[in-house]
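Residue strings, one per chain:
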Amino acid sequence: MSVSPPRLQAVAVTKSYGATTALENVSLDLAAGEVHAVLGENGAGKSTLVKILSGVIAPNSGQMRLDGAVYAPHSILHARQAGVATAFQELSLAPNLTVAEALLLPAMKRGAFGLVSPYQTARAAAEILHRYRLDDVSPIAGIASLSLAHRQRLEIARAMHYAEKVLILDEPTAALTDVEWLFDLVRSTTAAGTAVLYISHRLAEVRTLCKQATVLRNGRSVASVGLSDASDADIFELMVGRTEMAHGRRTHSFARETRSALELNNVTGAKLKGVTLDVKEGEIVGIAALEGQGQRELFRTLVGLDKATSGQILVGGKPVQPKSPRHAIAAGLSFLPEERKVEGIFSTLSTAANIVLPVIQNISRTGFVWPALERHSAARASEGVELNPRYLDFRIADLSGGNQQKALLARAMFTGARTLLLYDPTRGVDVGTKQAIYAAIQAFADRGGSVLLYSSELTELTRLADRCLVLYGARIFEQFTGEAIEERALVAALTGHSRDPAKSKREAAA
Amino acid sequence: MTEAHPPGATVAPAPRAQRQTERVADNRRTARLRPETITAVCVFGISILLVLGSRFVSPALGSWDHVNTIILLASFLIVVAFGQGIVIMIGGLDLSVPALITLGGVLTTSWIDASSGMSLPLIPAILLICACIGGISGLGVTLLRIPPFIMTMATGIITASAALGLTSGTPRGAAPPILTALMKASWIGIPVILLFILAFAILGSVLQGRTSYGRRLTAIGANPVAAHVAGIAVRSSVLIAYMLSAAASGFAGMMLAGYANGATLRMGDDYLLPSIAAVVIGGSSILGGSGSFVATIGGAILLTALSTVISALGIPQGWRTVIEGSIILIALLLLRENTFAFLRRRLAR
Chain A
5 MSVSPPRLQA VAVTKSYGAT TALENVSLDL AAGEVHAVLG ENGAGKSTLV
55 KILSGVIAPN SGQMRLDGAV YAPHSILHAR QAGVATAFQE LSLAPNLTVA
105 EALLLPAMKR GAFGLVSPYQ TARAAAEILH RYRLDDVSPI AGIASLSLAH
155 RQRLEIARAM HYAEKVLILD EPTAALTDVE WLFDLVRSTT AAGTAVLYIS
205 HRLAEVRTLC KQATVLRNGR SVASVGLSDA SDADIFELMV GRTEMAHGRR
255 THSFARETRS ALELNNVTGA KLKGVTLDVK EGEIVGIAAL EGQGQRELFR
305 TLVGLDKATS GQILVGGKPV QPKSPRHAIA AGLSFLPEER KVEGIFSTLS
355 TAANIVLPVI QNISRTGFVW PALERHSAAR ASEGVELNPR YLDFRIADLS
405 GGNQQKALLA RAMFTGARTL LLYDPTRGVD VGTKQAIYAA IQAFADRGGS
455 VLLYSSELTE LTRLADRCLV LYGARIFEQF TGEAIEERAL VAALTGHSRD
505 PAKSKREAAA
Chain B
-3 MTEAHPPGAT VAPAPRAQRQ TERVADNRRT ARLRPETITA VCVFGISILL
47 VLGSRFVSPA LGSWDHVNTI ILLASFLIVV AFGQGIVIMI GGLDLSVPAL
97 ITLGGVLTTS WIDASSGMSL PLIPAILLIC ACIGGISGLG VTLLRIPPFI
147 MTMATGIITA SAALGLTSGT PRGAAPPILT ALMKASWIGI PVILLFILAF
197 AILGSVLQGR TSYGRRLTAI GANPVAAHVA GIAVRSSVLI AYMLSAAASG
247 FAGMMLAGYA NGATLRMGDD YLLPSIAAVV IGGSSILGGS GSFVATIGGA
297 ILLTALSTVI SALGIPQGWR TVIEGSIILI ALLLLRENTF AFLRRRLAR
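Just so you know, the protein sequences line up as chains A and B, in that order. In short: position in the first sequence from 1, add 4, done, that's my numbering. If you count the second sequence from 1, position 182 lands on 178 in my numbering, and the numbers rise without skipping.
Do not take every clue at face value.
Simulated restraints on C-beta separations [claimed, not checked]:
#, chain 1, residue 1, chain 2, residue 2, range
1, A, Q124, B, L269, 45 to 51 Å
2, A, D402, B, P55, 48 to 54 Å
3, A, V120, B, I319, 34 to 40 Å
4, B, V37, A, R369, 27 to 33 Å
5, A, V120, B, C128, 47 to 53 Å
6, A, D402, B, I198, 26 to 32 Å
7, A, Q446, B, R141, 39 to 45 Å
Some chain B residues near chain A, calculated using beta-carbon distances under 7 Å [said to hold, decoys possible]:
#, residue
8, R168
9, A177
10, K180
11, A181
12, T207
13, S208
14, T214
15, N219
16, V221
17, A226
18, S286
Hints were generated in silico from the structure; no laboratory data involved. In this text, a Cβ means the ideal position worked out from N, Cα and C, and glycines have one as well.
Put together the whole structure using the sequences plus the hints.
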């Protein structure tokens, strides 16, 4: 390493949202011309780190330095002016702009009378596009008309154009087909002295580009490793950590004859590429997947929020084509949605009303709601999830996130459905609530109910699932049963490493 | 727990659950007052103070007669605001209110001959026509995803034009006796309209607060996405809301026709903004998802009382409207939930 100060230095950066700490005391050194990887599971704090470095959010404490000078960006634009540019995972190009505007805003080229000149702007944009080998993109095309892959390239090209000192690439290959294009450009960027922070799930890519990696786990930086010295297994171990499980693991096995509560045969559409799975009665089937592998679409298709184009869904042996969540509930599928605030709670209603709402017609007599009956039903439903009945009369908005989640789980169970579809049921809840939710899910399965459970936390799946399926590239990639559900194996499968080496290769080639 | 038992079934209550309920019922008393209740009490309280205080303006005011006049004049607004309140509850807005009031009035006087006995079947028929026009607004909002603002404005314009065409510009006829009786008769000394408004208030509150349909409306207004995910039939509920609003406006038109014993083509014009104001003064969120009909009635009475008192002040019309508008603005600012939350925090300290 050189004697000059690092290009970008972060010292003890901490960020917390309320009670949850997203990032704790993370430090990072980036030398000029280096490509540095950041690795970690979902929720390890990678995105928070990117947001802080790129000026989207400010850290609660800690300091950042750019070429030795204090660097405290208060906006993306401010960071860009300082020479730090980011290509975001959720692409940040406004769909109603043209390519040229997206590249050059806010500094559009001016013509006569100081007015923006579309011609000059397009010409300048065309030059940039040419420099980044994007000649097939017209500068006057609308962003909305571009394919996802082109949008990602444009996002990357824009970041490279403005990254005089530091370039941050957050999952840059998520939608890319031509990875070599990116690698070549990253190499020429570093040759010019720019430091690159490379965030990716894909270890193979990281090995090609980077020498050094920082591993994040639960918001902390657990190691800075030289990639040439560390095997894949070492890195997975660092990402996952030594697990303190061993308690409460389910040891059910299901005979082939056990009836299936839910069966999917080659379900395709809404991004899904032929998903086949089944959930037996009394079984908890876990779904493990990295962001964007089709898990959202899988659950949304099952409740009719997305439409399948082909394939078959059987509920209790009968074919069902879910048209709407209402229809799915009637068929016996109950869904706990991903985003509590957006898809779950009715903030102005009481907790009791929130719980019984989907089946309000069942607990009303000739259309009238009897408050005593409603409260009674809600109390019974909340018993199963250990929700204190004291909260039933409060507006649900006044409850903590954990209690809201318990109420939503009670709602899902109270529909009388025999199959629960739980999408990340413990996202952002405290440990005590997690235990209550686990207990409720297990009790539901013990009573003969079936559960399809997606979780972004692998410990949850190893603890709860009787069987665990790994989604990769919008299809079922691997299946683990019983004792074989083990974190390290799951992490490997999540990134497309099969236990069967031939399969891994096929997948890598695809 | 181990027996064959549907996993989350809604089965008959177990004795243990019964005890649970009693405990819950006890806890309810410790739960705080609902904001809707506070708003309703405030709005009615202000109205009573206003009426009592109006004695200082003129000796003719503040009397039982004055109260009766206010109720009579407010009755139209209460009926319109019931429908408007339901549409606002689901996060919409009904701008077709004036046109439907006019249509209801015009159809009543031109179809129902004052002397014929056809009024009993024709009144529901006219309400049904109005509801169907509301249904068109509802279809536009749900199926075609046209913003409620635009859609109801369009149906309003079309309806008003149709009323103009139907009457060739001059509405004829008089109101049937049943409607004039509703507005003007008394029963053992109590005005019929007062009894009617009482009954309407009870039915309206029950519909909004105590039926599964009312519960769905609140849920849709609070969070339409979550309502869909939770399995609520959002489209049909919204459609019915617009139909109810149109029928309510149509009925207000009939009441106006009964009151004036005739209809005009502009009879609905003065009710659009007051219908929205009554709902909002009654503490409902203009964005939907909260509100109570009782408080809306309070809002309608407050608005009407205010205008009777101000018109007795003997100031020029322009300034009258300025004062009225300012008072409504102040009421809106003060009656917000934030104010109550603030007061509650202060009192708790």
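To see whether the hints hold, each was checked on the structure:
For the pair A/Q124 and B/L269, the supplied restraint of 45 to 51 Å holds, since their beta-carbon distance comes to about 50 Å. A hinted range of 48 to 54 Å holds for the C-beta pair A/D402 and B/P55, which are about 49 Å apart. About 49 Å separates the C-beta atoms of A/V120 and B/I319, a value inconsistent with the hinted range of 34 to 40 Å. In this structure, B/V37 and A/R369 meet the distance hint of 27 to 33 Å, their C-beta atoms being roughly 30 Å apart.
For A/V120 and B/C128, the Cβ-Cβ distance of about 51 Å falls inside the hinted range of 47 to 53 Å, so the restraint holds. At about 30 Å, the CB distance of A/D402 to B/I198 agrees with the hint of 26 to 32 Å. Hint check: A/Q446 to B/R141, Cβ distance near 43 Å, so the stated range 39 to 45 Å holds. For B/R168, the shortest C-beta to C-beta distance to chain A is roughly 41 Å, which exceeds 7 Å, and the interface hint is violated.
With its C-beta approaching chain A no nearer than about 31 Å, B/A177 sits outside the 7 Å limit, and its interface hint is violated. The beta carbon of B/K180 is not positioned within 7 Å of any beta carbon in chain A (closest approach about 34 Å), and the interface hint is therefore violated. Because the closest C-beta pair between B/A181 and chain A is about 32 Å apart, greater than 7 Å, the hint is violated. The beta carbon of B/T207 comes within 5 Å of a beta carbon in chain A, closer than 7 Å, and the hint placing it at the interface holds.
Interface hint status for B/S208: upheld, as the beta-carbon distance to the closest one in chain A is roughly 4 Å, under 7 Å. For B/T214, the shortest C-beta to C-beta distance to chain A is roughly 6 Å, which falls under 7 Å, so the interface hint holds. Nearest Cβ of chain A to the Cβ of B/N219: about 5 Å, under the 7 Å cut. The hint holds. Proximity of B/V221 to chain A holds as hinted, the smallest CB-CB distance being about 6 Å (cut-off 7 Å).
Interface restraint check for B/A226: the shortest CB-CB distance to chain A comes to about 5 Å, inside 7 Å, so the restraint holds. With a least beta-carbon distance of about 4 Å to chain A, the hint placing B/S286 at the interface is held under the 7 Å criterion.
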